[in-house]
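Undergrad: Each chain is listed here by its residues.
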Amino acid sequence: MRTRGRFFGDDRLMRRMLAMPMILGLVSVVAHAQGTPHGFWTVPDADPAHSSWQKAETEITTETVGKDFKFLWKLKLGSGSTKSSSFSEPILFPGLITGRGFKDLALWADANTLYGVDSELGTLVWQKDFKLAHQACGGSNIQVLTEAPQVIHFGGPRPATPRPATPAAPLAPSERRVGAAAGGGYFGLRGVYVLTGDGYLHEQIMATGLDYAPPVKFFPTPGGSSFGLNINDKIVYTAAGSGCKNVADAIWSIDMNTPDYTVASYKTQKLGLAGLTGPVIGHDGTAYITTGSGPDDPAAGLYANAVVALNAKDLKVKDWYTPSGAAKSKTLNATPVVFTLKDKELIAAPGKDGTLVLLDSASLGGADHHTALAQTDTVARPAKRGAWESLATWPDKAGAIWVFASIVGPVALDAKFATTNGTATHGSIVAFKVEDKEGHPVLTPSWISRDLTNPAPPAIANGVVFALDGGNASTHATLYALDAATGKELYSSGDAIESYTHLAGMSVGDGHVFFTTHDNTLYSFGIPLEH
Amino acid sequence: MIRRPTSRCSHGLLTQCFLIDIVPSVKVLSLVARICLGLTASALPVAQFQAHAQSTTAAEWPTGSFDPQRDGWQRNETRITVDNAKNIRLLWKLKTDNKPMGMQSFREPLIVAGVNTAGGVKTLAILAGSSDDVYAVDAASGALVWQKHLKWASDKPEEPGQGAGFICNNALTATPVVTPAGAAQRFVYVLGNDGYLRTLNLATGDETDAPIQMLPAPYGKAYGLNLVNNVVYTVSGQACHGVPNELYAVDLAGKKAFNSAPPQGGIFGTAGPAIGADGTIYFETGDGAYDVAAGKLSTTVQAYTSSNDNLTLKDYYTPSNHEWLTKRDLDMNTTPVVFPYHGRDLLVASGKEGRYFLMDSKSLGGPDHQTPLYRSPLVSNKNVNFQTEGTWGSFASWESPDGTRWVLAPIGGPVAVDFPISYGPTPNGGVIALKLKETAGKMELAPAWLSRDMMSAEPPVVANGVVFVLAAGEFTAQADDVQGGLFSYESRIQHSIPATLYALDATTGKELYSSGDQVTSFLHQAGIAVAGGRVIFGTFDGTIYCFGLE
Numbered sequence: 001m002r003t004r005g006r007f008f009g010d011d012r013l014m015r016r017m018l019a020m021p022m023i024l025g026l027v028s029v030v031a032h033a034q035g036t037p038h039g040f041w042t043v044p045d046a047d048p049a050h051s052s053w054q055k056a057e058t059e060i061t062t063e064t065v066g067k068d069f070k071f072l073w074k075l076k077l078g079s080g081s082t083k084s085s086s087f088s089e090p091i092l093f094p095g096l097i098t099g100r101g102f103k104d105l106a107l108w109a110d111a112n113t114l115y116g117v118d119s120e121l122g123t124l125v126w127q128k129d130f131k132l133a134h135q136a137c138g139g140s141n142i143q144v145l146t147e148a149p150q151v152i153h154f155g156g157p158r159p160a161t162p163r164p165a166t167p168a169a170p171l172a173p174s175e176r177r178v179g180a181a182a183g184g185g186y187f188g189l190r191g192v193y194v195l196t197g198d199g200y201l202h203e204q205i206m207a208t209g210l211d212y213a214p215p216v217k218f219f220p221t222p223g224g225s226s227f228g229l230n231i232n233d234k235i236v237y238t239a240a241g242s243g244c245k246n247v248a249d250a251i252w253s254i255d256m257n258t259p260d261y262t263v264a265s266y267k268t269q270k271l272g273l274a275g276l277t278g279p280v281i282g283h284d285g286t287a288y289i290t291t292g293s294g295p296d297d298p299a300a301g302l303y304a305n306a307v308v309a310l311n312a313k314d315l316k317v318k319d320w321y322t323p324s325g326a327a328k329s330k331t332l333n334a335t336p337v338v339f340t341l342k343d344k345e346l347i348a349a350p351g352k353d354g355t356l357v358l359l360d361s362a363s364l365g366g367a368d369h370h371t372a373l374a375q376t377d378t379v380a381r382p383a384k385r386g387a388w389e390s391l392a393t394w395p396d397k398a399g400a401i402w403v404f405a406s407i408v409g410p411v412a413l414d415a416k417f418a419t420t421n422g423t424a425t426h427g428s429i430v431a432f433k434v435e436d437k438e439g440h441p442v443l444t445p446s447w448i449s450r451d452l453t454n455p456a457p458p459a460i461a462n463g464v465v466f467a468l469d470g471g472n473a474s475t476h477a478t479l480y481a482l483d484a485a486t487g488k489e490l491y492s493s494g495d496a497i498e499s500y501t502h503l504a505g506m507s508v509g510d511g512h513v514f515f516t517t518h519d520n521t522l523y524s525f526g527i528p529l530e531h
Numbered sequence: 001m002i003r004r005p006t007s008r009c010s011h012g013l014l015t016q017c018f019l020i021d022i023v024p025s026v027k028v029l030s031l032v033a034r035i036c037l038g039l040t041a042s043a044l045p046v047a048q049f050q051a052h053a054q055s056t057t058a059a060e061w062p063t064g065s066f067d068p069q070r071d072g073w074q075r076n077e078t079r080i081t082v083d084n085a086k087n088i089r090l091l092w093k094l095k096t097d098n099k100p101m102g103m104q105s106f107r108e109p110l111i112v113a114g115v116n117t118a119g120g121v122k123t124l125a126i127l128a129g130s131s132d133d134v135y136a137v138d139a140a141s142g143a144l145v146w147q148k149h150l151k152w153a154s155d156k157p158e159e160p161g162q163g164a165g166f167i168c169n170n171a172l173t174a175t176p177v178v179t180p181a182g183a184a185q186r187f188v189y190v191l192g193n194d195g196y197l198r199t200l201n202l203a204t205g206d207e208t209d210a211p212i213q214m215l216p217a218p219y220g221k222a223y224g225l226n227l228v229n230n231v232v233y234t235v236s237g238q239a240c241h242g243v244p245n246e247l248y249a250v251d252l253a254g255k256k257a258f259n260s261a262p263p264q265g266g267i268f269g270t271a272g273p274a275i276g277a278d279g280t281i282y283f284e285t286g287d288g289a290y291d292v293a294a295g296k297l298s299t300t301v302q303a304y305t306s307s308n309d310n311l312t313l314k315d316y317y318t319p320s321n322h323e324w325l326t327k328r329d330l331d332m333n334t335t336p337v338v339f340p341y342h343g344r345d346l347l348v349a350s351g352k353e354g355r356y357f358l359m360d361s362k363s364l365g366g367p368d369h370q371t372p373l374y375r376s377p378l379v380s381n382k383n384v385n386f387q388t389e390g391t392w393g394s395f396a397s398w399e400s401p402d403g404t405r406w407v408l409a410p411i412g413g414p415v416a417v418d419f420p421i422s423y424g425p426t427p428n429g430g431v432i433a434l435k436l437k438e439t440a441g442k443m444e445l446a447p448a449w450l451s452r453d454m455m456s457a458e459p460p461v462v463a464n465g466v467v468f469v470l471a472a473g474e475f476t477a478q479a480d481d482v483q484g485g486l487f488s489y490e491s492r493i494q495h496s497i498p499a500t501l502y503a504l505d506a507t508t509g510k511e512l513y514s515s516g517d518q519v520t521s522f523l524h525q526a527g528i529a530v531a532g533g534r535v536i537f538g539t540f541d542g543t544i545y546c547f548g549l550e
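Residue numbers (my numbering), protein chains in the order written: chain U, 1 to 531; chain D, 1 to 550.
I should point out that these hints are in silico values taken from the structure, not numbers from a laboratory. Please read these numbers as outputs of a predicted model, since none were measured by experiment. Note that CB positions come from ideal geometry on N, CA and C, so glycine has one too. A few of these clues could be false.
Dumping the calculated DSSO-like pairs for lysine-lysine here, alpha-carbon to alpha-carbon at most 30 angstroms [claimed, not checked]:
1) D/LYS382 / U/LYS70
2) D/LYS435 / D/LYS362
3) U/LYS437 / U/LYS342
4) D/LYS95 / D/LYS151
5) U/LYS437 / U/LYS55
6) U/LYS55 / D/LYS296
7) U/LYS67 / D/LYS296
8) U/LYS128 / D/LYS382
9) D/LYS156 / D/LYS93
10) U/LYS74 / D/LYS382
11) U/LYS488 / U/LYS352
12) U/LYS55 / U/LYS313
13) D/LYS314 / D/LYS362
14) U/LYS76 / D/LYS382
Ranges between beta-carbon positions, derived for each pair [unchecked claim]:
15) D/THR312 / U/ASP284: 53 to 61 angstroms
16) U/LYS70 / D/LYS510: 45 to 53 angstroms
17) D/VAL292 / U/ASP343: 36 to 44 angstroms
Produce the complete structure using the sequences and hints provided.
TA: The structure is reproduced here in structure tokens:
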């Protein structure tokens, strides 16, 4: 049971109201506020850089996860389907003020319905059914994300902002625009962006699930299978890559800053897209993707088994890295991850033949586009198409950067890891530490987890790696908590999960871990809080 | 006829009080007695009283919720009964020029008997208005006797207009207090918006002394003044204008202000602090930092002692789910009620969560400070809604002739448990009645009755077996799910509806009277005073109403 108090200021609502004039007058994020709710997970993989790291976690530690962490609740959402493919995890938005009280929300969608669940109580707050004329091909679920909340420094000076003599008349929902805030400062309507199978981008009011504004067309024709929504600077990105005939396989973006919602794309033609969590966004807005196997076409900016950097606004190729001989190479089926090391932005990505590479975002492959900063030995044989592999990063308290990868199948026999945790034949989480070797960063293999079947992307919080053994039609899923430094198992959910997961990820926030099983059951594990 | 002193008389300079009857309901210290005791009108310090419940038989309401224990129980009512409450009617109403600030207009009226005004001896209803105006009205006729505007005393500037938002609205928010009956001289004490405590002559409203700075800054949003042993106490609620949320006090004899430390979560029980028979001061704190070592006790019932101009934390009770309460903004935001039971004081506290806590004054929360005598299940607010559905304000408590101890509370929405007697669903709120039960040494507050539905029920009061309660009509929603942001106070005012006064049978909750559509404005945390067959309150539009029986 939690025992630490949580500071929300003298009066929670009062302090947020005092901050309102500053919010209305300023745009820049100032500092992390004392008293801000913890546990936001606003996009798949936690943030646009896909770290999968819950930065604000305080309740879960290597000590508490072993003794206090437990199954909290589960909630069936809709009927579920064996074909349900969420390609992501519940989005978490805590401390939302609504007309029915403060809510901590977990947002998740199946193919037709968006659900808003009270993440503390495990109760359904609202649901929004989309009456879709067209479903996404390939059975992908509705994709969901939100924008990160504005962070306020409560202790800072507040400019005196006079009340307007005549407040502007509020807009009717039909007059609003997707992506344009309703106003109201910190207490304004929060939106949830939703990409439905008919190719439209919606914005729902987070407090109620109701339509915020008329949806806008994103895909030119309906029926694409999208996965991996991401957002940066009011530009929403996604990948479509299931070979659906109506929508080209591509990275797509829609710019909500433009009057006409300009759509851009980077079509990959016959080239597959690796990974299932879509483009990763760097600090300057550059989008990074990994391509799969297929024919190169440099003239068209197409590179197989490559890491490709795309301009934020128009998705034109900006840079790329391909391993030498990459045309026939098999890489891990994962998207890259971006992190900062000593003020330098680096990228960890799948490399040739089941390796991992480190790239400099300023020049992905060097002058010849083939030279990585570092490359590991082969980690694993790349999985079959459809399997989900992923990368994650985490800075430990000493400042060292760790890179984690979920892999399907056994680790390569000659991969040398300092620590193993039993034989892992079906899959595992592997951990690397970014170290300095003669002035250059390298990925030093550290540990291999216990055996995991269809592992979900790992999620990290406060020194704990959460690994979800997805199970399969014969075995249920199992949630594990591992020591991020050693891979040692600290917790197992045992038989608490009744079914298996299907291409679903985990989110972590405020002492909880959330994921869905294939039958649309939302699970919450965590450190309990007395209600 | 000269009578012997009542049990409430002083222990200070006065060795005995001699009371004479002027009229059956009014007793004053005889002139002879004063001379014998060497007392003069101007030099007589305010009499010191032990903090007992009012035992005077005067038809008065001298402090918020009737007495320092905040039980809202008018013990001296004889005119209104359960049988004749149906005959209650509007006796008078007076439209004043009170200027509201935000949603705030008037606080709870005080009723003082035997005031020797220029127009004769009168019973006055005294109301403090939000813009630093104090009104004294003839309770019999509704005529304005005097009106005073408190002159700004702070060296910090007075702000024009209303404050920001509906919380820090720059309104006078502390119900004043009158010297307890029996004192040779009585005054009304008012805490102005400037943070200064005034002493006003009851008959004229003139200030009789220089104002005393009670709060460190203006617009601190203080709550109900309480006066015991010649010290005035208040609490400040919501850190408005940087005024720390603390217990504040003024020693009237030494004219010295002092306060508790460190600052706490919001303290906004509308009746201010409650004071027990032994002088212990009680209040509840809302959300905030919880660090016992640092003295920061959010979401906690706290007990303080006052001695030699020092306030010292004596005891506290913190619910075990206090983290949850803070997380969902379920402040403990009421003024506790204190009542005697088997030789010691018991307390009941609550807040937005919708649970009720029964505590022993000897040890509020037991050795671990988390174990009260009784912690109820969730009685209201199953929706976990911080805005409305729990209990706000304060309580009433009374003992019926059969010895049953009752506790009454307002609620802002539906209940979460069954009540043996109810009058339909309460989607908008109402009043609940709980009975104190003791079985084999275990105590509980058992649900007794649930009133009819009421729009924003205010704290009830009890008089002669009749519960009086105002359905304030206030629109209490804060978050606007349609347009975003918070509802402005202007919008909340627009959405509010006129208030309704109800009289209920105190043992069954049955409705005995409703004012119907006679009240034409809503009210916000305004409170009711009952005395001498009169029920008095003020509304947002500045109208003071008096219902009752002649």
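Undergrad: Next step is simple, just say for each hint if it's right about the structure.
TA: A quick look at each hint next to the structure:
no.: 1; hint: D/LYS382 / U/LYS70; result: holds (25 angstroms)
no.: 2; hint: D/LYS435 / D/LYS362; result: holds (21 angstroms)
no.: 3; hint: U/LYS437 / U/LYS342; result: holds (14 angstroms)
no.: 4; hint: D/LYS95 / D/LYS151; result: holds (23 angstroms)
no.: 5; hint: U/LYS437 / U/LYS55; result: holds (28 angstroms)
no.: 6; hint: U/LYS55 / D/LYS296; result: holds (27 angstroms)
no.: 7; hint: U/LYS67 / D/LYS296; result: holds (28 angstroms)
no.: 8; hint: U/LYS128 / D/LYS382; result: holds (23 angstroms)
no.: 9; hint: D/LYS156 / D/LYS93; result: violated (37 angstroms)
no.: 10; hint: U/LYS74 / D/LYS382; result: holds (20 angstroms)
no.: 11; hint: U/LYS488 / U/LYS352; result: holds (29 angstroms)
no.: 12; hint: U/LYS55 / U/LYS313; result: holds (28 angstroms)
no.: 13; hint: D/LYS314 / D/LYS362; result: holds (10 angstroms)
no.: 14; hint: U/LYS76 / D/LYS382; result: holds (21 angstroms)
no.: 15; hint: D/THR312 / U/ASP284: 53 to 61 angstroms; result: holds (58 angstroms)
no.: 16; hint: U/LYS70 / D/LYS510: 45 to 53 angstroms; result: holds (48 angstroms)
no.: 17; hint: D/VAL292 / U/ASP343: 36 to 44 angstroms; result: holds (42 angstroms)
Comparing the model with each numbered hint stated earlier shows that hint 9 is the single one that does not hold.
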